[in-house]
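**Q** All chains should be built: construct the whole structure from the sequences, respecting the hints.
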Amino acid sequence: RKEVEQDPGPFNVPEGATVAFNCTYSNSASQSFFWYRQDCRKEPKLLMSVYSSGNEDGRFTAQLNRASQYISLLIRDSKLSDSATYLCVVNSGGGADGLTFGKGTHLIIQP
Amino acid sequence: GAVVSQHPSWVICKSGTSVKIECRSLDFQATTMFWYRQFPKQSLMLMATSNEGSKATYEQGVEKDKFLINHASLTLSTLTVTSAHPEDSSFYICSARALAGVETQYFGPGTRLLVL
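One line per chain: the protein sequences are F and E, in this order. Using my numbering, the first residue of the first sequence is number 159, and each one after it goes up by one. Using my numbering, the first residue of the second sequence is number 752, and each one after it goes up by one.
Do not take every clue at face value.
[Claimed, not checked] The calculated label-pair distances, taken between Cβ atoms and stated as ranges, are:
#1 F/Ala225 <-> E/Asp816: 41 to 51 Å
#2 E/Ser805 <-> F/Lys237: 37 to 47 Å
#3 F/Ser190 <-> E/Lys771: 24 to 34 Å
#4 E/Pro759 <-> F/Cys198: 34 to 44 Å
#5 E/Leu865 <-> F/Pro166: 20 to 30 Å
#6 F/Ser211 <-> E/Ala753: 41 to 51 Å
In case anyone wonders, no lab produced these hints; they're calculated from the structure. A virtual CB, placed ideally from N, CA and C, is assigned to each residue, including glycine.
**A** Quick look at the structure:
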């Protein structure tokens, strides 16, 4: 089983719509969770950290369910510029400091 | 946010040559740097973790003699792909972390390597 799993998409949604995607992780000892955004042929950029209580940053809302080991990202009022690949990222801690990336979910916002 | 640079941004080389990639933290001191590799349509995979002044820790399946990592200063880590082969063609990305225990990693822009 892969450590971090995401639906690769693509998700095609019209501009202004709300879109949500999830990711699941296999290591129950994972301590930190993030959503990164990666544009084509570019490096990943941190979108937001994910906290147990859920957190919001503008149009973006992230949620974490530790019991079910899944993380979600909700994007409201989607913009054309939101088109990108969204990477679910987990840090399992315990001395393993590198991040574990999912393959990403490809989002296409259509005008 | 913090800035991390990589050089070169892309490399085309012949099979058998060695390629050195530099990763620099420009406005902070990075106690730890990470090297990742991403093949097309795949996720980033951690290759190794390097701490300044000590040997790098390699992930399972990554050959330390093929991917030489040097972290000689708090602002520079280098990855050398020795005797590169076509299967080493990939997108190599470094990231840097400022302080131990702080989770935020800042990514460099990546280096595209094409081995002919």
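**Q** E/Leu865 and F/Pro166, beta-carbon distance inside 20 to 30 Å?
**A** holds, 24 Å
**Q** 41 to 51 Å was suggested as the range; check whether the CB atoms of F/Ser211 and E/Ala753 agree with it.
**A** violated, 27 Å
**Q** Taking the CB of F/Ala225 and the CB of E/Asp816, does the distance hold inside 41 to 51 Å?
**A** holds, 43 Å
**Q** Given a hint of 24 to 34 Å, does the C-beta separation of F/Ser190 and E/Lys771 actually sit inside it?
**A** For F/Ser190 and E/Lys771 the Cβ distance comes to about 32 Å; the hint holds.
**Q** Quick check: does the Cβ-Cβ distance between E/Pro759 and F/Cys198 fall within 34 to 44 Å?
**A** violated, 20 Å
**Q** Are E/Ser805 and F/Lys237 spaced within 37 to 47 Å by their CB atoms?
**A** The hint (37 to 47 Å, Cβ to Cβ) holds, given that E/Ser805 and F/Lys237 are roughly 44 Å apart.
Consistency note: the structure conflicts with the earlier hints numbered 4 and 6.
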